[in-house]
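Just need the whole structure built from these sequences, with the hints factored in.
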Amino acid sequence: MSSQPLDPHYTAPAAPPPALPPAAAPFVRLPKSPGLAAFLSLFPGLGQVYNGRIARAFVFFFAWVGSIYLTASGHEFPFAFVIPFVYLFNIIDAWKGATAINARYLGGRTEPEDDVEVESPVWGGSLALLGVLILFNNLGWLDLDRLARWWPLLLIAVGAYFVYASVQKKKAGEGADEPPRL
Amino acid sequence: MSRPGFSPEGVTLGACLVALGVLWTLANLGRLELLPVVRTWWPLSFVLWGVLELADLWVRRSSGRS
Amino acid sequence: MSGRKIGFLLLLLGFGAVVETAWFARGDLRIGPEGCRVIRGRFYGPSYAFEQTAERALAAGEAPRLEVRNAFGGVRVTPGAPGVVKVKLRKVVFLPTEEKARTFADRIELRLSGDGARVEVGTNREDIGRGDDVGFETHLEIEAPADTAVEVRGEHGRVDVSGVASADVVSSFDGVAIERVAGAVKLEAGHGEVRVSAVGGRLELVSRHGDVEVSEVQGASKLDVEHGDLSVRQTGGLDVGIQYGGLTVESVAGDLAVRGGHAELRASDVTGRAELDTSFGGIHLARVGGEVRATAQHGRVDAEDVAGNVFAETTHAGVSLERVDGEVQGIVERGGIEARSLSKGAKLRATGGDVSLDGFTGPVEVEVDRGSARLSPRAPVASAITVTVTNGEVRLDVPEGSRFDLDAEAKRGETQAEFPGLAASKTEGEPGRGHRVTGQVGGGGAAVRLRADGDVVLETKPAGSIADRPVAKPAAVASAPPAEAVPTKPVAAPAKDARPAPEAPPVPEAPQVPEAPPGS
Numbered sequence: 001m002s003s004q005p006l007d008p009h010y011t012a013p014a015a016p017p018p019a020l021p022p023a024a025a026p027f028v029r030l031p032k033s034p035g036l037a038a039f040l041s042l043f044p045g046l047g048q049v050y051n052g053r054i055a056r057a058f059v060f061f062f063a064w065v066g067s068i069y070l071t072a073s074g075h076e077f078p079f080a081f082v083i084p085f086v087y088l089f090n091i092i093d094a095w096k097g098a099t100a101i102n103a104r105y106l107g108g109r110t111e112p113e114d115d116v117e118v119e120s121p122v123w124g125g126s127l128a129l130l131g132v133l134i135l136f137n138n139l140g141w142l143d144l145d146r147l148a149r150w151w152p153l154l155l156i157a158v159g160a161y162f163v164y165a166s167v168q169k170k171k172a173g174e175g176a177d178e179p180p181r182l
Numbered sequence: 183m184s185r186p187g188f189s190p191e192g193v194t195l196g197a198c199l200v201a202l203g204v205l206w207t208l209a210n211l212g213r214l215e216l217l218p219v220v221r222t223w224w225p226l227s228f229v230l231w232g233v234l235e236l237a238d239l240w241v242r243r244s245s246g247r248s
Numbered sequence: 249m250s251g252r253k254i255g256f257l258l259l260l261l262g263f264g265a266v267v268e269t270a271w272f273a274r275g276d277l278r279i280g281p282e283g284c285r286v287i288r289g290r291f292y293g294p295s296y297a298f299e300q301t302a303e304r305a306l307a308a309g310e311a312p313r314l315e316v317r318n319a320f321g322g323v324r325v326t327p328g329a330p331g332v333v334k335v336k337l338r339k340v341v342f343l344p345t346e347e348k349a350r351t352f353a354d355r356i357e358l359r360l361s362g363d364g365a366r367v368e369v370g371t372n373r374e375d376i377g378r379g380d381d382v383g384f385e386t387h388l389e390i391e392a393p394a395d396t397a398v399e400v401r402g403e404h405g406r407v408d409v410s411g412v413a414s415a416d417v418v419s420s421f422d423g424v425a426i427e428r429v430a431g432a433v434k435l436e437a438g439h440g441e442v443r444v445s446a447v448g449g450r451l452e453l454v455s456r457h458g459d460v461e462v463s464e465v466q467g468a469s470k471l472d473v474e475h476g477d478l479s480v481r482q483t484g485g486l487d488v489g490i491q492y493g494g495l496t497v498e499s500v501a502g503d504l505a506v507r508g509g510h511a512e513l514r515a516s517d518v519t520g521r522a523e524l525d526t527s528f529g530g531i532h533l534a535r536v537g538g539e540v541r542a543t544a545q546h547g548r549v550d551a552e553d554v555a556g557n558v559f560a561e562t563t564h565a566g567v568s569l570e571r572v573d574g575e576v577q578g579i580v581e582r583g584g585i586e587a588r589s590l591s592k593g594a595k596l597r598a599t600g601g602d603v604s605l606d607g608f609t610g611p612v613e614v615e616v617d618r619g620s621a622r623l624s625p626r627a628p629v630a631s632a633i634t635v636t637v638t639n640g641e642v643r644l645d646v647p648e649g650s651r652f653d654l655d656a657e658a659k660r661g662e663t664q665a666e667f668p669g670l671a672a673s674k675t676e677g678e679p680g681r682g683h684r685v686t687g688q689v690g691g692g693g694a695a696v697r698l699r700a701d702g703d704v705v706l707e708t709k710p711a712g713s714i715a716d717r718p719v720a721k722p723a724a725v726a727s728a729p730p731a732e733a734v735p736t737k738p739v740a741a742p743a744k745d746a747r748p749a750p751e752a753p754p755v756p757e758a759p760q761v762p763e764a765p766p767g768s
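Protein chains in written order, with my numbering: chain A, 1 to 182; chain B, 183 to 248; chain C, 249 to 768.
Fair warning: there could be bad hints in the mix.
[Claimed, not checked] Restraint-style ranges between C-beta atoms, simulated for each label pair:
| hint | chain 1 | residue 1 | chain 2 | residue 2 | range |
| --- | --- | --- | --- | --- | --- |
| 1 | B | 211 | C | 344 | 14 to 24 Å |
| 2 | B | 204 | A | 155 | 55 to 65 Å |
| 3 | C | 564 | A | 43 | 26 to 36 Å |
| 4 | C | 545 | B | 206 | 46 to 56 Å |
| 5 | C | 272 | B | 242 | 33 to 43 Å |
| 6 | A | 122 | B | 203 | 24 to 34 Å |
| 7 | B | 219 | A | 143 | 20 to 30 Å |
| 8 | A | 122 | B | 214 | 29 to 39 Å |
| 9 | A | 152 | B | 214 | 36 to 46 Å |
| 10 | B | 208 | A | 153 | 39 to 49 Å |
I should point out that these hints are in silico values taken from the structure, not numbers from a laboratory. For glycine and all other residues, C-beta sits at the position ideal for the given N, C-alpha and C.
Right under this line is the structure:
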């Protein structure tokens with residue numbers, strides 16, 4: 001039976017408000033567009049500039065231009081193969097760079113990957129050694145041309161270092177699969 | 183981001199530019215021949231950079247320990 | 249490894265590379281023939297010159313032989329008195345004061361040795377060069393008897409040899425000039441301009457990175473040139489390998505063979521056969537007495553006045569022929585063929601271009617893909633003509649008096665063959681659908697078969713409406729007198745066999761006579 005209010009001052013409550021649609025995920029504006037980065041990389045280096053990695057931009061640009069120059073000046077092998085490789089790698093790198101920046105942004109970090117510090121004295125030592133070798137050659141105290149035939153020893157040294165570092169890492173409990181970073 | 187230390191590349195680049203500027207000025211004044219001098223001594227830039235990298239590493243390690 | 253560090257590393261390496269290149273551009277460290285590390289290029293700064301002379305008598309009865317070894321200085325060999333070799337060594341020392349220069353120059357020795365009729369000339373540069381940082385040049389001026397066989401091994405200095413019996417020269421980083429040699433010449437040169445002229449025997453030449461000029465070689469020549477232009481005038485048989493340079497040949501008494509790459513080839517007045525092959529450059533021939541075989545990748549072939557057969561093949565460019573007395577075969581990929589005045593017919597195949605035959609006689613077979621064919625015989629048609637064209641049309645001019653059996657079909661066009669003389673014609677199909685006309689012209693004769701996707705058009709043309717000019721013959725090579733006579737300059741004999749054409753167009757001129765009196 002219908003219920004009639006006994007109190008004339010009683011006011012039926014208003015209909016409950018309509019249910020809200022389920023909350024949408026908050027809209028996040030990502031800092032970089034991988035697609036745009038890749039598109040800009042059609043001009044080598046521009047995608048990296050967009051990503052804020054200027055040094056990398058220089059590297060790609062000069063690697064590309066340098067390969068073209070060397071190919072054109074008679075060194076078709078191997079630089080003709082380097083040209084497409086550098087070009088494609090630059091596009092992929094720009095895409096991945098932008099994606100990585102976005103991932104870091106979403107993870108709450110803004111520190112760019114490029115600031116990763118060098119953790120080993122090998123880098124500084126190698127630079128100083130390179131400088132000393134070339135300087136001594138220029139001063140006539142060393143004959144780099146004759147020394148150059150021993151270059152495969154470098155490969156041996158680098159390989160041995162990788163092995164050593166991997167073994168050290170394994171001992172320290174970390175994975176031994178990744179080659180050590182310089 | 184702040185950390186003890188400096189930028190080895192920045193210092194090296196600056197030092198090299200200063201050195202090149204000094205040498206070039208002296209060459210323009212006829213005190214020396216630029217090309218032979220630069221050609222002999224330019225690898226010092228690598229030596230300087232390498233040493234600064236090692237110094238930077240040392241600084242960071244000691245500040246990390248302390 | 250951060251991009252910044254890699255970038256800075258590349259920057260430093262690039263700077264180092266620039267500095268080193270700048271250094272080596274004016275001073276290079278390499279091993280020279282003296283077996284020592286020497287600095288290349290021109291020395292600079294104050295210098296002082298000192299001279300030293302010597303001579304050596306030669307044993308009589310034997311042909312003299314001279315062997316010269318030098319670096320960083322010129323070598324000049326000129327004809328001198330018989331029986332003796334005279335040498336002058338000019339030492340140029342780059343030191344700030346004359347006294348220091350003289351002291352140093354006293355250490356530089358002229359080495360003159362040998363046995364019998366063999367003389368060796370050199371210096372003790374190898375002994376001095378090590379450990380010192382003094383730049384010095386050693387210039388040798390040698391007079392040798394005119395019947396001397398000369399051998400020179402030099403670098404970083406000009407080599408000039410003239411008036412000797414034979415020359416064998418290896419030189420680099422400066423120019424070489426060899427002239428008036430009675431016998432054979434062998435030359436290996438690099439990074440310098442080369443000039444060879446008036447050679448009585450064979451010439452063998454290898455040159456890199458320098459332009460080469462060869463003229464008046466009586467014997468056969470074998471030339472190998474890269475990264476430089478080659479110009480050859482008046483030789484016997486000529487064999488050329490050329491890369492990255494242009495070739496210009498005038499007057500070959502014999503056969504011409506050229507293997508080129510990235511080279512534009514031009515040759516005229518070849519009495520024998522001409523076989524040329526190149527890429528990224530064209531072939532241009534005029535007046536060949538024998539057969540022509542020309543192949544150009546990415547380059548055109550032009551030939552005129554050929555007495556023998558012609559085979560021409562090109563890609564990405566066309567073929568143009570004019571006045572050929574022999575049979576013609578042409579294959580062109582991505583280009584057309586233009587031919588005028590072919591006497592013995594032609595077999596032509598072209599894709600991506602038109603074929604045009606003007607004033608021809610003889611049997612003709614033409615295949616064109618993506619292009620049209622236009623044929624205009626010189627005389628009434630009396631030989632077979634077969635033309636097949638896909639994606640194009642065929643036009644044939646029919647001179648009055650022609651006699652042939654016609655079979656013409658236009659697959660998707662129209663066959664137009666209405667002209668007087670065409671009898672008993674039968675038409676099948678209709679325009680646009682296999683329009684075929686067969687019949688006999690002038691009572692029938694040779695088979696003329698025309699097929700095209702487009703129209704097939706036959707039109708009459710009055711006889712003799714196409715002008716004609718006989719094939720011009722190559723001028724024979726002028727002969728230089730033997731070098732023993734030691735003239736100041738050889739006089740070229742007037743060209744033989746140059747017959748003026750019976751008609752108005754003048755015959756191509758004979759090679760220039762260098763000492764012809766003005767006004768002749």
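- Message: Hint by hint, where does the structure go against what was stated? Just the numbers, ascending.
- Response: 2
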